[in-house]
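Protein chains in written order, with the numbering used here: chain C, 98 to 410; chain Z, 14 to 267; chain E, 14 to 267; chain S, 5 to 251; chain R, 5 to 251.
Since the hints were derived computationally from the structure, they do not count as laboratory data.
Since the model is a prediction, treat every value here as computed from it, not as a measurement.
Hints are not guaranteed to be accurate.
Unchecked claim - Computed list of lysine-lysine pairs in DSBU-like fashion (alpha-carbon distance at most 30 angstroms, straight line):
1) Lys49(R) x Lys120(Z)
2) Lys31(E) x Lys121(Z)
3) Lys138(C) x Lys331(C)
4) Lys120(Z) x Lys195(Z)
5) Lys142(Z) x Lys160(R)
6) Lys253(E) x Lys195(E)
7) Lys126(E) x Lys31(Z)
8) Lys120(E) x Lys246(S)
9) Lys173(R) x Lys142(Z)
10) Lys246(R) x Lys49(R)
11) Lys142(Z) x Lys246(R)
12) Lys246(S) x Lys160(S)
13) Lys195(Z) x Lys121(Z)
14) Lys31(E) x Lys238(R)
15) Lys358(C) x Lys325(C)
16) Lys119(E) x Lys160(S)
17) Lys142(Z) x Lys161(R)
18) Lys246(S) x Lys173(R)
19) Lys119(Z) x Lys173(R)
20) Lys390(C) x Lys216(C)
21) Lys246(R) x Lys32(E)
22) Lys246(R) x Lys126(Z)
23) Lys31(E) x Lys142(Z)
24) Lys238(S) x Lys31(Z)
25) Lys143(S) x Lys173(R)
26) Lys173(S) x Lys143(R)
27) Lys143(R) x Lys143(S)
28) Lys243(S) x Lys142(E)
29) Lys142(Z) x Lys143(S)
30) Lys143(R) x Lys120(Z)
31) Lys238(S) x Lys246(R)
32) Lys238(S) x Lys173(S)
33) Lys120(Z) x Lys173(R)
34) Lys126(Z) x Lys31(E)
35) Lys243(R) x Lys173(S)
36) Lys119(E) x Lys142(E)
37) Lys49(R) x Lys243(C)
38) Lys119(Z) x Lys143(R)
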Amino acid sequence: EEGAGEAGGSEEMQDVSLMLDWYPNAVHSFLYVAEEKGYFKEEGINLDIQFPANATDPIGMAASDQVTMAITYQPDVIVARTEQNVGVKSVGTIVREPLNRVVSLAESNIKSPKDLEGKTVGYTGIPLNESIVKTMVEEDGGDPSKVELVDVGFELNSTLISKRADAVVGAYINHEVPLLEFEGYQTANFDLTEYGVPSFYELIAVTSDKTWEENPELIQAFWRAAEKGFADMKANPDEALDILMANQETENFPLEEEVEKESMAILLPLMEGEQGFGYQEEEPWQETADWMKETGLIQNDPVIDDLYVNMPE
Amino acid sequence: MREAVLEFRDVSFSYSGKKPILDQFHLTVHDREFVTIIGASGSGKSTLFRLITGLEQEEAGTIRLNGEAVQSRHGRTGYMPQQDLLMPWRTVLQNAAVPLELAGMKKKEAVEKMTPLLTEFGLSGTEHKYPSELSGGMRQRVSFLRSILTGSNILLLDEPFSALDAITRLSMQEWLLDQWEKREKTILFITHDVNEALFLSDRIFVFQDTPVQSLQEVVVPLERPRTLRAMNDPAVLEMKDRLIDQLRGRGTVR
Amino acid sequence: MREAVLEFRDVSFSYSGKKPILDQFHLTVHDREFVTIIGASGSGKSTLFRLITGLEQEEAGTIRLNGEAVQSRHGRTGYMPQQDLLMPWRTVLQNAAVPLELAGMKKKEAVEKMTPLLTEFGLSGTEHKYPSELSGGMRQRVSFLRSILTGSNILLLDEPFSALDAITRLSMQEWLLDQWEKREKTILFITHDVNEALFLSDRIFVFQDTPVQSLQEVVVPLERPRTLRAMNDPAVLEMKDRLIDQLRGRGTVR
Amino acid sequence: MKKYGPAALIVLFLFGLWELVSRIINLPFIFPPPSGVAVRFWELKETLVLDHLPSTLAIILLGLAISIVLGVSLAVWMVMSETAERAFYPLVISSQMIPTIALAPIFIMFFGYGIWSKVVVTVLITFFPITVNTFDGLKSSSRELRELMLTMGGTKKDIFFKVQVPSAKPHFFSGLKVAVTLSVIGAAIGEWLGAQSGLGYFSRRMMTQFDGAAVFAPIVLLSVVGIALFLIVKIMESKSMKWRKLK
Amino acid sequence: MKKYGPAALIVLFLFGLWELVSRIINLPFIFPPPSGVAVRFWELKETLVLDHLPSTLAIILLGLAISIVLGVSLAVWMVMSETAERAFYPLVISSQMIPTIALAPIFIMFFGYGIWSKVVVTVLITFFPITVNTFDGLKSSSRELRELMLTMGGTKKDIFFKVQVPSAKPHFFSGLKVAVTLSVIGAAIGEWLGAQSGLGYFSRRMMTQFDGAAVFAPIVLLSVVGIALFLIVKIMESKSMKWRKLK
Ligand SMILES: Nc1ncnc2c1ncn2[C@@H]1O[C@H](COP(=O)(O)OP(=O)(O)OP(=O)(O)O)[C@@H](O)[C@H]1O
Ligand SMILES: Nc1ncnc2c1ncn2[C@@H]1O[C@H](COP(=O)(O)OP(=O)(O)OP(=O)(O)O)[C@@H](O)[C@H]1O
Ligand SMILES: [Mg+2]
Ligand SMILES: [Mg+2]
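Bound conformation, chain C alone (with noise of 0.2 angstroms):
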């Protein structure tokens, strides 16, 4: 399904297959408000939108080149690329710092990281999650090795409503806290940059090596019609919402309007950096492979240039 052809023919419309992070929520709007509006198009791209099963779903489909692109998590594709030479490179940001937060019914008390102590905590089977909440805890003066953690797949919210665990981590400041709220649950969060973590990018686009040498133009040209996109949506949100309501998967994951709208407030300012956006720092991925190394999630020393390309201005 790789949309090669040969490169830049403006004429010849290319495929261009991508994998979302999860099902189309707010993020995604800009993608969305971009295909409504044409600007794929005017790049003679035809792009077509897939949704993974499974968290890592995205990287290798993308790797095998199964996808076009997909998009997915900053610390997994360190990862990838440095244990294990998967040839994917990330090639712009989409939002700048983690959305990820450890989340605890109000009821369960738990008041920091610290209290997690003696308790289960769901994670998304990324041993990322694992590491992060031994950063917290320890940092937060706890002992990280008297907490469970339970690989819960994607089911955190019904674990943690089931109460089969008391925590989970790995759930989004921009939708499964406001989902449990709106469900009418109270909770509690914390941030990992709080606790230790460095700020790590949360969402970022990644291609294949391979795709990358062959058809730089179609990324580009992909990147260049995904900023429109997102330019509108940051000047009109309401119209980007009523797009990506519009395109939801009603019966799949319909998506709750209110929460959508909280989501894309928190979200608007964590997508757009100096440099505008996609654009891609250093200094995130440095401090974020450190950590890594830190913590054990990684043996060997990354080589931070193979994993992202900024696109030419």
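Given the structure of chain C, go ahead and fit chains Z, E, S and R with the ligands onto it with the hints provided.
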């Protein structure tokens, strides 16, 4: 006259939906009688045994065993079916021992009881063989032995010696007559060998056309003990011819 | 003398690891002969047939069919095994038709060919029954019919009439003799009924102790066609007694 | 009617109990009452039947068809040739010991989110019962009957069609019954691992939506599919084995 | 040696092919070469064997034990009582048509992340073959033999132990063989859905680390478990059915 150990009174029977086999059927067999049943293939002889053992239920009438019309006739007869029906997972010894097991006999005791019989039946050496390793006649003898070991006073033997050669058959016949006298059994014996019927039995019943109402009956006019030579006696030969005519459905005996 | 259709030369055989059954065995059967084999139960009669059909392989020596020592003896004889071996999923008609099917005959033609035979065999009305609905003798007749329909010149019949009453048996015997003459077959016939052997055959072979080297042979001194009454002839009766003695293992016939 | 009376009673009782317990513990998102499931099913009927059922059904039928074709061919080959038997039988058996399904996530990476990754999972789980049952069935034919066919000059082919195939039928159908039920499971598992539509996918999705009734509703439909397939196999079985009814 | 020659050759060939293809497509994180898997297995052997194997093995053995006890009891009850048969047999059959395993995520919510949720998944997937095979086996006993036992005054119990149990053995063991292989799959699936240890869990986790060889290594161990269990069943089978060897 000795008392009746088996009585059919007005018994009717048919395999479901098929044409009737017995119709208001009558039959009485007395204690310590040796009765043989002959009749054309498919006339219902085996079916009669299935009724006596209680494997089939009479549609009308009553069947009395040892004077009682019991609810269940299971376990009250020693039945040797037409097919040998040995259990393929048991050796010869284990197969023959089934009725002893059912009676709760200890294994060692059972083996002791059976060993001489196996020798008498020409089966020594096959104790630990499985049925699939036996010849047809050997299987039949194991099945015969098993029915004997039930210890019932009524033995129902459905063509027990059909697969045996003349000699083996003779020695089995002699053994059977001996046991019949010593142990005071009542025997119903199906055969298609008129000689065998004449040699063995007090009375011969002839199954004719279905549905059967009552059986033609022949009393064998020979003294016991009988010898094989006596079978060549002109009177017997004539009776034999008449029986065969009878089977052909022409004329009656008496 | 007619030519030999079946010859055993120095044939030895044993079931793997068991004591030998044939040891340098010799036997010759000529064209259009009717030969009967008698012998004690378990003496190896069925085994002999399994060798002729090629179901067992001789360990030494050669077996020649119609003058040739062929590689595979499959399909060259009409074999009726001791158990009826009907296919439970086929009706009587379909079971009997197997050899015709194998010969590639059309279904309609096969039915036409078989219908009169079924009537002659007293099986009319059972055409569409399954084996489990038949009596023992009926099953045997179906199996017999099937072996006849192979059309081979050599018929191997292993106790074909053991489950039949005297009358049905007689009519089957007559039918068989008739066919044997009309169709110029060679027949090997296992039975344990000495009368039957005398009534049917040209020569009688007696299987004695295993391992068998060669068979005691009796030429039946009767003209054909034979009648049942001729069986009561003193010469025949004497021969019968001698055969039985022979089977007992005492004395020889000639 | 009378025949299935006890079963119907028990089912009714179980449903009643379920409704009751569900209302008592009152956690509808993980344990919805049957009434809730029924209502939700009615609401979702179009999506379920028109969008998701076809894609699941396609997986099941394709998977089964491939398993039957491959499984029966392999079984026949193994029966026909001793070399093939010696080469493949141990492989088929031991391939089953390998929980290939545990590799399913990798198939998804390989075959993508299209229908094929799920078909592969379904084939993996249904191939074994079909092959082994067919093979064992073909082998189970009475040796005596096969020998008899030989003496009548029957070729390998005759023995195969006239003795082995009829003897194998009951076994084949047992295997097919198992395979049919496993195929439904296989399709559902396949869909968990990556799909864009399908009943298993929909159910899993609803898990993340706290919509317990909507988790159960597609399972109800999957069950209907399973039951329907099973009944079809049963009908085929009894049609092709009339003689068995006599027993 | 000679007997398994062809199978060994094919296995060798398949491994060679795998190694070759894997090196050509060079995506070791989803399709590692066998040599890579072997190396990784060696590196991980202690974690795998000491940490993860015991918890998976516990699930498998507990699940199988429960299935055997429940399945055999139910089968016996159904054979003994016609009412029980009429009540439960349709339920057992149709319960299998219901892809209960698709509800596994909900069991996890119910039973928690401990061993029990996975045991339940294993029981769900292995219960059916054991019950149905045992029941069919008990029923398959020759009617003639049962009748003969009746005429000898055998009680239901006698018939059960002397005719039905021996006749059921081959069927029971077939069912057990299927169940054993399914139990490995069940445990692995159970562990995907939420666990803290276990070979299935470990494999899935390595997926998230893009460590293809480490995804395969626990599967290798799972296969060894499956093969070992299967062989144990085979040995028990041939020990308890000596008479079958004659055929
Ligand atoms: N498949 C077999 N495996 C081992 N031994 C066998 C097998 N078949 C027969 N035998 C043995 O070979 C001997 C001869 O058997 P066979 O069936 O040829 O006897 P038979 O003369 O036909 O007897 P019958 O008149 O009782 O049928 C017997 O001792 C029997 O136990
Ligand atoms: N299970 C059955 N179902 C239906 N019909 C049957 C069944 N068993 C026997 N019959 C029929 O009942 C009739 C009598 O059969 P039965 O077995 O009693 O005959 P038989 O006198 O023992 O014959 P044989 O001497 O050939 O054994 C036959 O016509 C047969 O077809
Ligand atoms: Mg009979
Ligand atoms: Mg014999």
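Structure-based check of all given hints:
For the hint pairing Lys49(R) with Lys120(Z), the CA-to-CA distance comes to about 52 angstroms; that exceeds 30 angstroms, so the pair is violated. Distance restraint check for Lys31(E) and Lys121(Z): the Cα-Cα separation of roughly 28 angstroms lies within the 30 angstroms cut-off, and the hinted pair is therefore satisfied. Distance restraint check for Lys138(C) and Lys331(C): the Cα-Cα separation of roughly 21 angstroms lies within the 30 angstroms cut-off, and the hinted pair is therefore satisfied. This hinted pair checks out: Lys120(Z) and Lys195(Z) have alpha carbons roughly 26 angstroms apart, not beyond 30 angstroms.
Between Lys142(Z) and Lys160(R) the alpha-carbon distance is near 28 angstroms, which keeps this suggested pair within the 30 angstroms criterion. At roughly 28 angstroms between alpha-carbon atoms, Lys253(E) and Lys195(E) fall within 30 angstroms of each other, so this suggested pair holds. The hinted pair formed by Lys126(E) and Lys31(Z) meets the criterion: a straight-line CA distance of about 27 angstroms does not exceed 30 angstroms. The hinted pair formed by Lys120(E) and Lys246(S) meets the criterion: a straight-line CA distance of about 20 angstroms does not exceed 30 angstroms.
Proposed proximity of Lys173(R) and Lys142(Z) is supported: the alpha carbons are some 20 angstroms apart, at most 30 angstroms. Annotation: proposed proximity of Lys246(R) to Lys49(R) is violated, straight-line Cα distance about 39 angstroms (limit 30 angstroms). For the suggested pair Lys142(Z) and Lys246(R), the alpha carbons sit about 12 angstroms apart, so the restraint of at most 30 angstroms is met. A distance of roughly 26 angstroms separates the Cα atoms of Lys246(S) and Lys160(S); the hinted pair therefore holds under the 30 angstroms criterion.
Between Lys195(Z) and Lys121(Z) the alpha-carbon distance is near 25 angstroms, which keeps this suggested pair within the 30 angstroms criterion. A hinted pair counts as satisfied when its Cα atoms are at most 30 angstroms apart, and Lys31(E) with Lys238(R) qualifies at roughly 28 angstroms. Pair hint Lys358(C) plus Lys325(C) holds up; C-alpha atoms about 21 angstroms apart against a cutoff of 30 angstroms. For the hint linking Lys119(E) to Lys160(S), the alpha-carbon distance of about 20 angstroms falls within 30 angstroms, and the restraint holds.
Between the alpha carbons of Lys142(Z) and Lys161(R) the distance comes to roughly 27 angstroms, so the proposed pair stays at or under 30 angstroms and holds. Between Lys246(S) and Lys173(R) the CA atoms are separated by roughly 26 angstroms; this keeps the pair inside 30 angstroms, and the hint holds. With a C-alpha separation of about 25 angstroms, the suggested pairing of Lys119(Z) with Lys173(R) holds against the 30 angstroms cut-off. With a CA separation close to 26 angstroms, the supplied pair Lys390(C) and Lys216(C) stays within the 30 angstroms bound.
Taking the CA atoms of Lys246(R) and Lys32(E), the gap is near 22 angstroms; set against the 30 angstroms cutoff, the hint holds. For the hint pairing Lys246(R) with Lys126(Z), the CA-to-CA distance comes to about 26 angstroms; that is within 30 angstroms, so the pair holds. At most 30 angstroms may separate the alpha-carbon atoms for a hinted pair to count; Lys31(E) and Lys142(Z) meet this at roughly 12 angstroms. A hinted pair counts as satisfied when its Cα atoms are at most 30 angstroms apart, and Lys238(S) with Lys31(Z) qualifies at roughly 28 angstroms.
As the CA atoms of Lys143(S) and Lys173(R) are separated by approximately 18 angstroms, the hinted pair is consistent with the 30 angstroms bound. Simply put, Lys173(S) and Lys143(R) have alpha-carbon atoms about 18 angstroms apart, close enough for the 30 angstroms limit, and the pair holds. The hinted pair formed by Lys143(R) and Lys143(S) meets the criterion: a straight-line CA distance of about 21 angstroms does not exceed 30 angstroms. Restraint check for Lys243(S) and Lys142(E): satisfied, since their Cα atoms lie roughly 17 angstroms apart, inside the 30 angstroms limit.
The hinted pair formed by Lys142(Z) and Lys143(S) meets the criterion: a straight-line CA distance of about 24 angstroms does not exceed 30 angstroms. For the suggested pair Lys143(R) and Lys120(Z), the alpha carbons sit about 28 angstroms apart, so the restraint of at most 30 angstroms is met. Proposed proximity of Lys238(S) and Lys246(R) is contradicted: the alpha carbons are some 34 angstroms apart, above 30 angstroms. Only pairs whose Cα atoms come within 30 angstroms are accepted, and Lys238(S) paired with Lys173(S) is accepted, the gap being roughly 12 angstroms.
Between Lys120(Z) and Lys173(R) the alpha-carbon distance is near 23 angstroms, which keeps this suggested pair within the 30 angstroms criterion. Under the criterion of a C-alpha separation no larger than 30 angstroms, the hint pairing Lys126(Z) with Lys31(E) is consistent with the structure, at around 27 angstroms. For the hint pairing Lys243(R) with Lys173(S), the CA-to-CA distance comes to about 28 angstroms; that is within 30 angstroms, so the pair holds. A threshold of 30 angstroms between alpha carbons decides the hint, and for Lys119(E) with Lys142(E) the separation of about 21 angstroms falls inside it, so the pair holds.
Our distance criterion of 30 angstroms between C-alpha atoms is met by Lys49(R) and Lys243(C), whose separation comes to about 26 angstroms. Restraint check for Lys119(Z) and Lys143(R): satisfied, since their Cα atoms lie roughly 29 angstroms apart, inside the 30 angstroms limit.
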